[in-house]
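Trainee: Sequence:
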Amino acid sequence: MSLRARGHAPSAPVHGYPAAPPEGRARRRLAASGALLLTLTAVPAAVLAVPDAAVNVVPAAASALGLGDAGIGGLLRATGLSLPALVVAVPLAAVAARRFSAWPVLAAGLAVLLSGLGAVMFAHSVPLVGTVRAVQGAGAGMMLPACLVLVWERRSRALAAAWAGTLAGALLLAMPLALKAVPAPADGSAVPDWRVALVPYPWAAVAAAVAALAHLLLRGRAPWALPVSRHTERGQLLLPCVPAAGFAFLAVVAAAGWSPGARLIVAGLAVPALLGLALAAGRDAVAGSPYGCAVVMITVGLLGYPVAGPLAGLAAADAHDRGGAAVVPLLPFAAAAAAAMAGALASVRARARHAVNAGHVLMIAAVPLGLLTHLDGRWTMLVPLALLGTGAGLALAASLRDAGVGAALFGLSLCFPAVLAGQLLVLSLQASRLERLRPVTEAEQIHALHDGYDIWLIVAGAAAVLLAAAAARPSRKTVAGPGAR
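Residue numbers (numbering that gives the first Met the number 0): 0 to 484.
Calculated from the structure, these hints are not laboratory results. Do not rely on the hints blindly, as some may be mistaken.
[What the hints assert, rightly or not] DEER-style ranges, computed between Cβ atoms: (1) P201 <-> R28: 44 to 54 Å; (2) G72 <-> R98: 34 to 44 Å; (3) I454 <-> V252: 38 to 48 Å; (4) V209 <-> P367: 22 to 32 Å; (5) R472 <-> P126: 38 to 48 Å; (6) A107 <-> G234: 58 to 68 Å; (7) R437 <-> G70: 44 to 54 Å; (8) D453 <-> S258: 42 to 52 Å; (9) R28 <-> G245: 25 to 35 Å; (10) G260 <-> R28: 33 to 43 Å; (11) T440 <-> V205: 35 to 45 Å.
[Unchecked claim] In the DMTMM-like style, the derived pairs of lysine to aspartate or glutamate whose C-alpha atoms are separated by at most 20 Å in a straight line are: (12) K179 <-> D375; (13) K179 <-> D192; (14) K179 <-> D317; (15) K179 <-> D320.
We put the beta carbon where it would ideally sit given N, CA and C, even for glycine.
Kindly generate the complete structure, drawing on both the sequences and the hints.
Mentor: Listed below in structure tokens is the structure:
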């Protein structure tokens, strides 16, 4: 599949610019190869900063930090700060990537992420652990919008689809990979170094840094294809910043002792608020898109990581309860990530509206099948996860069709608040079941957690239906350009 320019239609702020940079064919292919390499490394490296596998190293961490039972909750809250920090960083980095050049923003994000990874060895207290995780999340949040802008400047439908498939696949695979790197030992002994839970895959960020340098070299000295944003676009991109920051703050505060019911209220209010922002933006010439990009971003965020992550944790806990090591079966999750990329690339030749609707149907169909999943059967997990991945990649890539860079960045700013909302919902539902059932044995605890997860799937399925209906609403924004279908 060719990765050269395919006539992406620009949004209003970039109207009148050529459909592709005025470069030779060989130079365009090299630049597209650099953008593809950057996508395949930077996006996973950023998403891998989100998972928190510290629960598997709690005894070792508590011993090393001198914590009693009362301090374990604070430790787990500190290790979970990367996602709230990422939520706040994404809209700010989106504005910076459009106001200035995107590559320096990417380089700054990589530097922040690498510094957060390197500082893990100095995390000798709970506040330092929280600082390190927040720095990692901030760096990851800076990388994602910058990478999207660098992909967008190629004006290639296939490259945009590859970016969408990589994001959807990374959201499905991130937590299983983290749990694979930090398993709970079968005999209850501590891991050699508990801080591996804070940085399970440092090589991913190093690979992204190498890819960023390669992209700069392969791109050459051609002028940037996208102009500096106008004041209106920057204002629209800043619109999600305050709600996202407020929700991230509430999520952190709620984790510090609020009841599961109170946390459910916070998360339950966040989802309609995000949907309201997306629908309001759909009427705007800058943040709107003809195929509901912002709504689809919310759907993928809500159904990706919050569905796959807890399932991986339950599978690992079930394996541990059966007497073996807490090993996550990676095959179903890897297949889901591959299906996300396949669905995204398949959208290139499909009609955008049909592909968005089909993607939502596949994601909705995956939810009831997830209720039939057996934790000890990787094949029963394979089908719903593959459907979820295919639908997420297909819908997300198709929704980017004929969207402007401002609309894509606006949607990305809503994606990770949806991830945080979904994560808060599922964890609160599981905590509620634990409080109600008061399990004693490990098997009873897993059963209670599984009950909470099943309730979450029902809630997620209902939310997915509402989001699909919202995405199917016709947009007031007209579809312009030769690539519209």
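Trainee: Would you mind marking each hint as holding or not holding in the structure?
Mentor: Verification of the supplied hints:
1. P201 <-> R28: 44 to 54 Å: Since the Cβ atoms of P201 and R28 sit about 31 Å apart, the hinted range of 44 to 54 Å is violated.
2. G72 <-> R98: 34 to 44 Å: holds (40 Å)
3. I454 <-> V252: 38 to 48 Å: violated (24 Å)
4. V209 <-> P367: 22 to 32 Å: violated (43 Å)
5. R472 <-> P126: 38 to 48 Å: holds (46 Å)
6. A107 <-> G234: 58 to 68 Å: violated (23 Å)
7. R437 <-> G70: 44 to 54 Å: violated (23 Å)
8. D453 <-> S258: 42 to 52 Å: For S258 against D453, whose Cβ atoms are near 21 Å apart, the range 42 to 52 Å is violated.
9. R28 <-> G245: 25 to 35 Å: violated (45 Å)
10. G260 <-> R28: 33 to 43 Å: violated (56 Å)
11. T440 <-> V205: 35 to 45 Å: holds (43 Å)
12. K179 <-> D375: Holds - the C-alpha atoms of D375 and K179 are around 16 Å apart, at most 20 Å.
13. K179 <-> D192: holds (15 Å)
14. K179 <-> D317: Distance of about 14 Å is within 20 Å: holds.
15. K179 <-> D320: holds (16 Å)
This entry does not satisfy hints 1, 3, 4, 6, 7, 8, 9, 10, going by the numbered hints stated previously.
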